[in-house]
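Asker: Residue strings, one per chain:
Protein chains: 2
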Amino acid sequence: MKKELISEWFRNLQLDICNSLEIIDGEGNFREDEWTRSGGGGGYSRVINNGNLLEKGGVNYSQVHGATPQKILEALQLKKSQFYATGVSIVLHSKNPHVPIMHMNVRYFEMSDGTWWFGGGIDLTPIYASEKQAFFFHNELKKACDKYDTSYYQKFKKWADDYFFIKHRNETRGIGGIFFDRLTEPGEDSKAPIFEFVKEIGNTFIPVYSTIVEENRSIQFDESQKEWQFLRRGRYAEFNLVYDQGTKFGLDTNGRTESILMSLPPQAKWKYDFHPEEGTPEWQTQSLLIKGIDWINR
Amino acid sequence: MKKELISEWFRNLQLDICNSLEIIDGEGNFREDEWTRSGGGGGYSRVINNGNLLEKGGVNYSQVHGATPQKILEALQLKKSQFYATGVSIVLHSKNPHVPIMHMNVRYFEMSDGTWWFGGGIDLTPIYASEKQAFFFHNELKKACDKYDTSYYQKFKKWADDYFFIKHRNETRGIGGIFFDRLTEPGEDSKAPIFEFVKEIGNTFIPVYSTIVEENRSIQFDESQKEWQFLRRGRYAEFNLVYDQGTKFGLDTNGRTESILMSLPPQAKWKYDFHPEEGTPEWQTQSLLIKGIDWINR
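Order-wise, the sequence lines are chains B and L.
Residue numbers for the first sequence follow the numbering used here, so the first one is 1 and each next one is one higher.
Residue numbers for the second sequence follow the numbering used here, so the first one is 1 and each next one is one higher.
Keep in mind the hints are simulated off the structure, nothing from the lab.
Hints should not be assumed to be uniformly reliable.
It does not matter which identical chain is used: a pair holds within one copy or between any two.
[Said to hold, decoys possible] The calculated DSS-like cross-link candidates involving lysine-lysine, where the alpha carbons are at most 27 Å apart (straight line), are: (1) Lys71 with Lys291; (2) Lys80 with Lys167; (3) Lys132 with Lys158; (4) Lys132 with Lys155; (5) Lys226 with Lys271.
Please read these numbers as outputs of a predicted model, since none were measured by experiment.
Could you put together the complete structure from these sequences and hints?
Answerer: Rendered as structure tokens:
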């Protein structure tokens, strides 16, 4: 399978997702910026702002190639080589604190020595966590995974718990999801089935997001709930700037900063030593930000 | 000179600065939290919130010791040893966007092999930069430096330009200041004069800050100026989470997260691909966020 076909599929996924999000939003429109990378390739960044639902949303597509940057060679323990990387990355921040932040990334790498792999992940960051919503989210991801390999969900769910973790806070970014990297098998024939799995994940985003949105977008909210949303967004910014591997790679390799940092929240707050009052919905959410919860069989 | 005398002086500096800041603020009071470090030592964190002038301010004092954490040994290229570290660290965010963010850190390290050094820095991050203010700020720092070594200011000013730099934005955090590290001389006798220089820097903070405050605190501001302040604070958060060495060390060595991240702004915003309109005061400020400006002889 030619790498160009994979990036073409990713570009179409970006456009399809943006179309669906405009329909879901009902008001906002995506603005598209094309950019080129001096070392080779480029991408299209699509951003929506101040919509009816979405306060800030970014859907990035990129297809970059060239000499592998030194920092990536070191991080991935690779020999000097040419690389090709393509993918789609999404982060959606909604106005209403009852609608969670949702993130997805799907990506494909190919090196000049012939090695290749897929990676990706979806995770949900509710401002107000609900076990019912977490069950739905994880169950949908499990169904998508199970179509390809019944061992995937459990493995990738644990990976997400470990990856989407704010170590210095000793708390997870949200209620997790799935995360996988370096997904490959020997032989060129094995690429198509893995790509089918990645497509399945990509296609899962909109149905899952729209269901969660429709169930929550009409719930009223007040200033104190916006305040809690701003504090949770502060944690989201901490994760993205301190731990996110995509952000790190992007910044280390002189990527387009505005596209890399599109994932940052429109607004965030930090309050010294803030702890929600016991028994409140905020406290309830905080208590669920731990690794290892089996949301499906709870 | 005993290390305990140095940390005692730092603790008194923290208390003096907090007293002065309460007088300058006129309304807010510092809250003090004592904390202990499991590996040895601890500190006092002092925070002020929602004052008349200060929206959020943190003045940290710490005196920690014990086995040197692995990450610090690697970063400083040291052999396995015991360490002793003490210092004061300040970041002040004011409500009024015409009052700049100001930061200072003074610190002392001593290793069990007898090596010791001082470090420190002061830098100013105006939301609205003014050449007159930048001249005053740098000239005061130069006067403080010149009392001890006329080569210090130029050297430490350049160091600050390089250190307080947001690489991925290709812009400085503010109009700079001074930064120095590993300041030492052979022989125990040389410690006292260097400590005198560090004291001078510590004692420079309040007179300089209060002068800048008094000149700007009465200037009226509107929503659009607060908006610009929130965007600049977004950059401040980026610097602190991505580049700040103190933050990195603190998080890597399992320090007290709330004390380490006290420097984060109370509120920040990120707008995709925002550029101030040419000729505006915001654009003027942006144009001054570059390395190498000689503020004194401009």
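Asker: Indicate, hint by hint, whether the structure satisfies it.
Answerer: Here is how each hint holds up against the structure:
no.	hint	result
1	Lys71 with Lys291	between (30 Å within a copy, 25 Å between copies)
2	Lys80 with Lys167	between (32 Å within a copy, 25 Å between copies)
3	Lys132 with Lys158	within (20 Å within a copy, 56 Å between copies)
4	Lys132 with Lys155	within (22 Å within a copy, 60 Å between copies)
5	Lys226 with Lys271	both (14 Å within a copy, 18 Å between copies)
Of the numbered hints stated above, none is contradicted by the structure.
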